[in-house]
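J.: Sequence:
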Amino acid sequence: MNELLDPLLLSRWQFGLTTIYHFLFVPLTIGLALTVAIFQTAWYRTVKPHYLQLTRFFGKIFLINFAMGVVTGIVQEFQFGMNWSDYSRFVGDVFGAPLAFEGLLAFFLEATFIGLWIFGWDKLPKGLHLATIWVTAVGSILSAYFILAANAFMQNPIAYEINPEKGRAELTDIWELLTNPVALAAFPHTIFACFMVTAGLIISVAAYHLARNQHLDTMRPALKFGLWMMVGAGILTTLAGDQLSLVMVETQPMKMAAAEATYNTVTGADASFSIFTLGTPDGVHELFSIRIPYLLSFLSTHTFDGTVEGINDLQAQYTQLYGPGDYTPIIWVTYWSFRWMIGLGLLHVFVAVVGLWITRKGRHPKNKWIWKAAIWSFPLSLLAMTVGWTFTEMGRQPWLVFSLLKTEDGVSPNVSGLEVLISLVAFTLIYGTLAVVEFRLVKRAAQKGPDDAPRPDPVTGDIRHDVTVY
1 MNELLDPLLL SRWQFGLTTI YHFLFVPLTI GLALTVAIFQ TAWYRTVKPH
51 YLQLTRFFGK IFLINFAMGV VTGIVQEFQF GMNWSDYSRF VGDVFGAPLA
101 FEGLLAFFLE ATFIGLWIFG WDKLPKGLHL ATIWVTAVGS ILSAYFILAA
151 NAFMQNPIAY EINPEKGRAE LTDIWELLTN PVALAAFPHT IFACFMVTAG
201 LIISVAAYHL ARNQHLDTMR PALKFGLWMM VGAGILTTLA GDQLSLVMVE
251 TQPMKMAAAE ATYNTVTGAD ASFSIFTLGT PDGVHELFSI RIPYLLSFLS
301 THTFDGTVEG INDLQAQYTQ LYGPGDYTPI IWVTYWSFRW MIGLGLLHVF
351 VAVVGLWITR KGRHPKNKWI WKAAIWSFPL SLLAMTVGWT FTEMGRQPWL
401 VFSLLKTEDG VSPNVSGLEV LISLVAFTLI YGTLAVVEFR LVKRAAQKGP
451 DDAPRPDPVT GDIRHDVTVY
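With the first letter of the sequence shown counted as 1, position 265 gets the number 265 in UniProt numbering; the numbers rise by one all the way through.
Just so you know, these hints were derived from the structure itself, not from any lab. Among the hints, erroneous ones may be present.
[Stated by the list, open to error] Straight-line alpha carbon distances no greater than 20 Å define the calculated EDC-like cross-link-like pairs of lysine to aspartate or glutamate that follow: (1) K406 to D93; (2) K60 to D451; (3) K448 to D217; (4) K48 to D452; (5) K166 to D93; (6) K406 to D326; (7) K366 to D217; (8) K406 to E393; (9) K448 to E438; (10) K60 to E419; (11) K60 to D122; (12) K406 to D6; (13) K361 to D217; (14) K166 to D409; (15) K60 to E393; (16) K406 to D86; (17) K166 to D86; (18) K48 to D217; (19) K48 to D122; (20) K406 to E170; (21) K406 to E161; (22) K48 to D451.
[Claimed, not checked] Pair ranges (Cβ atoms, derived): (23) V353 to L105: 36 to 42 Å; (24) V353 to G325: 43 to 49 Å; (25) Q76 to I342: 49 to 55 Å.
Beta carbons: idealized from backbone N, C-alpha and C, even for Gly.
Construct the complete structure from the given sequences, taking the supplied hints into account.
T.: Take a look at the structure:
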């Protein structure tokens with residue numbers, strides 16, 4: 001019973017639950033903002049009605065998702081004070097700086113201009129109205145960067161000094177903090193992955209209507225756009241992930257060792273990447289594996305004769321540096337989350353490549369299973385991002401701030417396990433309800449499809465837009 005009411009365990013579960021749930025809305029917010037801006041730009045330049053229909057249609061889904069993301073994101077900030085007060089006291093001066101930029105600059109920019117976009121259709125000049133959605137898209141991307149910069153400090157703490165009197169870390173250089181190598185590498189990898197998630201939504205929605213021979217004039221170009229977006233974003237995500245892996249090896253070699261379950265230091269051909277591995281229950285000994293020689297060495301060092309440090313050697317180093325303790329993350333979590341991230345992402349790109357092939361030259365497949373595969377493929381990239389973040393955060397354990405603060409030392413000392421359990425249950429119920437609401441709203445908007453193209457006013461020739469649809 002005491003283990004079930006452990007404040008540390010429950011606080012970690014609660015933060016993980018609320019963070020992952022909130023993160024479900026983030027990729028679509030970032031990707032849809034840019035997508036809507038691209039569609040509206042195409043309409044602005046060509047005046048073709050189907051681009052306006054796509055702008056308004058995906059704009060609805062974007063706004064539903066944005067609103068739910070704001071609601072679920074508010075809880076995140078309160079948790080730092082409720083369940084992780086010791087963490088907040090120790091790194092608040094550093095960690096809070098990029099979060100302040102996110103809230104006061106990026107989110108303010110995003111929220112202000114999204115309002116102008118919603119209500120400015122018939123009130124702002126056409127070009128100025130287009131600019132509002134582009135500023136919204138930029139704001140959403142900036143917001144992501146500042147949050148990644150805050151997270152990067154937890155992965156690779158820099159730009160700080162310890163105040164021995166106050167017993168906390170204090171910021172010394174905001175520019176150094178914002179240009180953390182981990183943030184610079186994680187940002188493109190994350191943003192391109194967001195575009196993959198958005199492309200998956202576009203593909204699924206377009207396939208739903210095309211399978212029913214509905215809205216052909218709008219959904220055919222939407223499908224083509226989504227397929228190419230998936231392939232392009234998939235390639236860029238892979239390239240950015242390669243750069244991130246190099247930074248990860250440099251700053252957190254234990255995470256890479258845990259991702260490969262490499263217990264002993266290996267070099268060259270021995271530094272192979274295992275696609276699939278079966279091991280003993282304790283994860284220490286390998287029973288069977290499918291491996292690619294040299295690949296782990298290449299991923300870690302960009303050479304075929306590079307050295308990859310093993311878990312055992314790193315454990316010995318960390319024990320000497322930081323004192324007695326277990327500095328190894330949960331191996332099976334890091335190992336499989338790393339592979340699920342890669343596998344699910346590649347599978348979604350494969351779906352897009354197949355889709356481009358079978359719809360080439362305007363072909364319209366008759367097989368219903370092809371359309372069903374496209375429709376149900378939507379969660380692939382979203383799941384890949386989710387397990388990718390699981391790998392990122394679980395691979396850092398047992399550190400809350402790598403090398404500075406252990407997770408067990410960051411939890412609030414005066415919060416009981418029962419109090420955390422009550423809030424955990426409450427959040428789960430509330431978020432479960434919100435999930436149903438979100439799913440139904442998006443499903444209804446997606447299944448309805450785009451509205452008919454607005455007709456010009458017979459007297460002035462202007463196109464009027466009913467803002468109530470938003």
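J.: Provide an ascending list of the numbers of those earlier hints which the structure does not satisfy.
T.: 10, 15 and 25
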